[in-house]
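A.B. asks: Given these sequences and hints, build the entire structure.
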Amino acid sequence: MVKLNSSMSSTAFSLFVPFTYTNNGSADLTTFRNAYGKYGNGLYVGLTVGNEVNDSPENIAGAVQHAKTVLGDLTVDISTVHVWVTVRDNPVLCQNVNFIGANAHAFYDGNTAAQDAGNFLQNTVIPSLTQACPNAHIIISETGWPSDGSPNGAAVPSFENEASAVASLNCAAKAEGAVSVYAFEYDDSTWKASQGADANEQSFGLYVKQQPTLLTAIAAVLMISC
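Adding 72 to a residue's 1-based position in the sequence shown gives its number in my numbering.
Hints listed in this document are in silico derivations from the structure and should not be mistaken for laboratory results.
Hints are supplied without guarantee of correctness; some may be wrong.
[To be verified] Pairs of lysine to any residue, SDA-like flavour, derived with a Cα cap of 25 Å:
| hint | residue 1 | residue 2 |
| --- | --- | --- |
| 1 | K140 | C205 |
| 2 | K140 | D100 |
| 3 | K246 | Y116 |
| 4 | K264 | Q274 |
C.D. replies: Structure (structure tokens):
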């Protein structure tokens, strides 16, 4: 995941790096150590061991601790990323980490319209995580809205609604200055399932070939005062 960062002198972006969860990500840890030795620590926002891993919270926490032990001599923040309700309901994921990584999509709530996506993030997700993980640095590692697919209750996918949701999320991110928020995602993920519960996940891209002006439209709404 990439977050724009104009303050960096050597590059225009910083990296939020996911590790493969299999076997505690040992191969990825070695690869990262080599990259760290070559480029230093200024490029990296943090490292995550897995993303929404289908394993027990205790095992995930153990894998994070393994990564912290292996990379303990490096200056880098390490955690995992999971759906925000999983983090909220499992305090072990708040322990012995350098930040809280949570994916939070208002679309999957089913009760939230696109224009209220930011309110959902600001008034539901972030307070819940703050209560579950006091004094922790919270990173919303994924948030967005699909442009296509089936509706989910009050949540309706469309290009217009995606732009509306991103504008709302942008305002929430500005209001929550202590929380880092990452938009999901640059391009559509056409490799994902096209049917069933994951069908909408294909269509979160901010720039897609079918609608090349969407990114321009979103850039325009981001300029609107909140």
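A.B. asks: Does each hint fit the structure? Answer for all of them.
C.D. replies: Each hint, compared with the structure:
1. Note on K140 and C205: the hinted pairing holds, with a Cα-Cα distance of about 19 Å set against a maximum of 25 Å.
2. Between K140 and D100 the alpha-carbon distance is near 13 Å, which keeps this suggested pair within the 25 Å criterion.
3. For the suggested pair K246 and Y116, the alpha carbons sit about 22 Å apart, so the restraint of at most 25 Å is met.
4. Taken as a hint, the K264 and Q274 pair is honoured in the structure, with Cα atoms around 6 Å apart against an allowance of 25 Å.
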